[in-house]
Amino acid sequence: MRNARLIAMRELRSRVRRTGYRVTTVGGLLLIAALFLLPTITDALQNASRTEIAVSGADAATVRALQRSLPERAPNGRPTLQLRHVAGASAGERLRRDGEVDGLLLLGGATPRYRAEAPDDEVDRLLGAVATLTAQQRLQRRGLDAREVAAVFDAPRIAVRDTDGKSVSSQSRTLVYALLLMLYMSVLVYGAAASSAIVQEKASRVTEVMIARVTPLEHMAGKLGGVGLAGLAQFAVWIGAALAILAVGSLLGGSSGVELADVPATTFIAFGAFFALGFTLYGALYAGLSAPASRIEDATAAGALPGILIVASFLAATVALGDPESGAARILSFIPPLSPMTMFTRVSLGSPPLWEVALSIVLLLAMIALVLWLAAKIYRVSILLYGTRPGPRGILTLLRSS
Amino acid sequence: MTLELTAVSKSFSTGPAVSDLSFAVPRGAMFGLLGPNGAGKTTTIRMILDIIRPDSGALAWDAEPVIDLPRLTFGYLPEERGLYPDMAVAEQIAFFGEVSGLSRRDARDATTRWIERMDISEHADKPVAALSKGNQQKVQFLVAMVHEPPLLILDEPFSGLDPVNHELLLDILPELQAAGTTIVLSTHDLEQVESLCDELALINRAELVFAGPVTQLRARHADRRRVQLVFRGDEAGLLDEVDELDTRRGPDGWLELSSTNGTSADELARHALRHGELRELSTVEPSLREIFLDEILRMP
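Going down the list, the sequences are from chains A and B.
Our numbering applies: residue 1 is where the first sequence begins, and numbers increase by one.
Our numbering applies: residue 403 is where the second sequence begins, and numbers increase by one.
Just chain A, with the same shape it has in the complex:
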């Protein structure tokens, strides 16, 4: 175990020092920042085009009430139509002429009037607000108190729930899809990375020096651990940055289209757990199948089987993405090669019973143990083979001879 840890830490250090790793980490950070900051930038642009209107002929409280009747908000929460109370019509007109406001609303007369250089769609919104306010004032004049008036105009709220009573927002579905895509890509990329790390070490003959000191299982586990940790470290940086941007954004009153409160912590915990499990399963498969190879090209060919399984796993997860509690999604989430992505999607979007999650993980762990055992056997007998990579029959012969 100590040797596997030492090998893993060396592999991790070596990977994080590489230019390619740093470039992809920084590139990912920039992409995440761009994705999450884009709505805030859009907000800023919308703020720049906000319409400000001076209101005269009504007291400040009426103007505030009128402002409340304009529910339309930019994604950052600010009103798209900003009203400013002015003492008199002439003061308002002066502001309009000086360009400090876009329009002037004159209340108090028999007919409200609106003056602007180029009246646009704000007129409809103003009309709606004035109509609401007028109705409220009429009701109050007829004896209803403020609370009763507010109750009349209180708009009904519709809570959106899935059939299991779990609230689902389109934002969280998008986030889960993004995480699923990340899971798919990461298992594919880091599985292949584990494969090439093994073959490179073999090609540089370090493997022979290592195998003289550690058991093949320790060596394989160390390589897989190092590559997997490098992947987890990269995701930790990306997810941490995304959370930091969301948190800072919401503190500053901005919005990125995804609310932190909408995303349960279990989604991120499930992501970490299913990445670790999925990577171990596919990484071991990659390691075992590429151990007989001594060239990167041969290792790539050996990666066809795990590659196909990973694609199948992603397709199975899209079934769960459509309906996490459908019969097909439930069955697929128990089949070990497919379960890392399918169960992650179900946990994030649905409400699978705890026993189903536990059974899925137990079956996955059993599969991982079997694949690790087989991969270690292949690894032990073939890690020092050089030359043409043996085919499936050759590998079977090697296994029998071991």
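Incorrect hints may appear among the rest.
Unchecked claim - If you want a taste of the chain B side facing chain A, the calculated C-beta under 10 Å gives, among others: (1) 415; (2) 477; (3) 478; (4) 483; (5) 486; (6) 488; (7) 489; (8) 549.
What the hints contain is simulated information worked out from the structure, not anything from laboratory work.
Beta carbons are placed, not taken as given, at the ideal position from N, Cα and C, and that holds for glycine.
Starting from the known structure of chain A, fit chain B onto it as the hints suggest.
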């Protein structure tokens, strides 16, 4: 502590790599493992290191099967260089020290000490790929022995070393031996084996040809001893009297003669003195190279 191989056999799909191999390496010996390419030396070494397992037979160190021993019992320098090219020299040696069972601190201390001893301190922080071939070989040697194992197996350790570093390694190996390390040296450099090793095993075509002290191997080839003399006088008379004499004219005009027909030095000297003047007389043992070729070519 002794390394013992008993009736060890190993076959691959291409045929037998090692067949019924038995020999023992005494504790503290400098032991040569010789044989032509493809003889089975590397397979033998890999079985000693438990990298591969024999089909039959037993390998034991101090009466304990090698498969039960902690791997840090051994140090191994493979024939082909196996180092992380982008890892710094000191970091790499210390890493292999740790993997071989040393604590981080001990690995660092040992690395500093041995880097100085091997005269590569100035390269300590450089990546291995930036070093010359000879210096890389020195790093490979340190990687093999930084944990100072009781048994050190060196496959072509002098490969790529310039004469100065060659001498340095020639100094260090006896030091390690004096400190109690058992060293198995596999090399084609028979002169090195001749100067360093007390005992050897000779393998050819997967089979053991000889195992034992170098003196015993020489005794087996006593008939290859040559008597050499440098003579001036009645050359034709001497050559008529003694059969099977090889001759060569020396630069000073004296005739150099050698005999491998079993004629003793005394007898040859008497013949020579009857016909002229004798300047030098010596008995020359066959070189290990001659013995090696003799043994290899003798096999059917």
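Against chain A, with CB atoms and a cut of 10 Å, does the hint on residue 477/B hold up?
8 Å, holds
Holds or violated: the hint that residue 488/B contacts chain A, with Cβ atoms closer than 10 Å.
7 Å, holds
Does the closest beta carbon of chain A sit nearer than 10 Å to the beta carbon of residue 415/B?
8 Å, holds
For the hint on residue 478/B, does the least C-beta distance to chain A fall short of 10 Å?
Check passed: Cβ of residue 478/B comes within 4 Å of chain A, closer than 10 Å.
Let's test the interface hint: is any C-beta of chain A closer than 10 Å to that of residue 489/B?
At 7 Å from the nearest chain A Cβ, residue 489/B passes the 10 Å test, so the hint holds.
Hint validation: residue 483/B versus chain A, beta carbon distance must be below 10 Å. Holds or violated?
Residue 483/B check passes; min Cβ-Cβ to chain A is 6 Å, inside 10 Å.
Cut-off 10 Å, beta-carbon criterion: hint that residue 486/B touches chain A:
6 Å, holds
Can residue 549/B be said to touch chain A, with a Cβ gap under 10 Å?
OK, holds: residue 549/B within 10 Å of chain A, min 9 Å.
Going through the hint list in order, the structure satisfies each hint without exception.
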